[in-house]
Amino acid sequence: MAAAPAFDGLSVGDIVAEHSFALTRDSLVRYAGASGDFNAIHYRDDVAREVGLPGVLAHGMLTMGFAVQPVVDWAGDPGRVVDYQVRFTRPVVVDPQLGAVVSVVAKVGQLDAEARVARIDLTVKVGDETVLGKAQARVSLD
Amino acid sequence: MPVNPELQGRVFPSTEPYLVGREKVREFARAVFATNAINLDPEAARAAGYDDVVAPPTFAVVVQEHTLAQLLAEPDAGIDFTRVVHGDQRFTSTRPIVAGDLLTATLTVSSVKTLGPHSMVTAESSITDATGAHVVTAISTLVVRGDE
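Chains as they are written, first to last, in this note's numbering: chain A, 3 to 144; chain B, 11 to 158.
A few of these clues could be false.
[Unchecked claim] Derived BS3-like pairs: lysine-lysine, alpha-carbon spacing no greater than 30 Å straight-line:
1) A:K127 with A:K109
2) A:K136 with A:K109
3) A:K127 with B:K34
4) A:K136 with B:K123
5) B:K34 with A:K136
[To be verified] Only part of the chain B face toward chain A is listed, based on derived beta-carbon distances under 10 Å:
6) E16
7) L17
8) A44
9) P67
10) D86
11) Q99
12) F101
These aren't lab readings, by the way, just hints derived from the structure by calculation. Note that beta-carbon positions come from the ideal geometry of N, C-alpha and C, so glycine has one too.
In isolation and in its complexed conformation, chain A is listed as follows (with noise of 0.2 Å):
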């Protein structure tokens, strides 16, 4: 297991961690079952166009749970994400046969120097397109 990042040796701005994540509708079936949520519009396509979507929706919470994934990584322990926020800006269609591709970024956004708590700010992209806003995790290190 990779040990935690020192507090002390970050900077505002660094990127911290950087990985996409290949979606499929499989995927969009395994989490409304680890999740409980099954509103249709996240794998039928005929509900999804009939309530007026571009086709069938990542769920949002779905998005959230894996964005802050490659923060958990870089900080080696999902217990040290004390805080984790998003807003939901744009839904990801996710294609029958092609899927969807999310790419994450994550970047220091502010150091708390008393706390030892570093706001880590992703930046949610399909393609040039932001799908998450103010997509901020707040990370306790020694």
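Place chain B on chain A using the hints.
Relative to chain A, chain B alone:
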């Protein structure tokens, strides 16, 4: 029917205790692409100082769901589920959720705001363990679309 402004400040009865299972944590971890051994392997979790596998940061949504279901089912709430969009979400933790936790959630409607024909309902679910100690607060803002 618009969202009832009198919902603001309402506190709902605590949910039935939810027992966090190890396989549930693993299932959820896999679903959010979590690969950290602390999420999956009890030995790795113990080596890191936890009693069992640690849930990913957004796992509290599973417990929070039960509270949001209470809110949507409230007869005088005026919230039409088919018009609800998840606006934003936050989790503020005292400690991470670990397999074996028995969690109870209590929902408070912290604010109801109107924005043109739409309403924004912010609901805070405070989740505590079997000893009554705070574990995590899950805060959701739901946007309820009105007639345009």
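So, going through the hints one by one against the coordinates:
no., hint, verdict
1, A:K127 with A:K109, "14 Å, holds"
2, A:K136 with A:K109, "12 Å, holds"
3, A:K127 with B:K34, "29 Å, holds"
4, A:K136 with B:K123, "20 Å, holds"
5, B:K34 with A:K136, "29 Å, holds"
6, E16, "27 Å, violated"
7, L17, "21 Å, violated"
8, A44, "5 Å, holds"
9, P67, "4 Å, holds"
10, D86, "24 Å, violated"
11, Q99, "6 Å, holds"
12, F101, "5 Å, holds"
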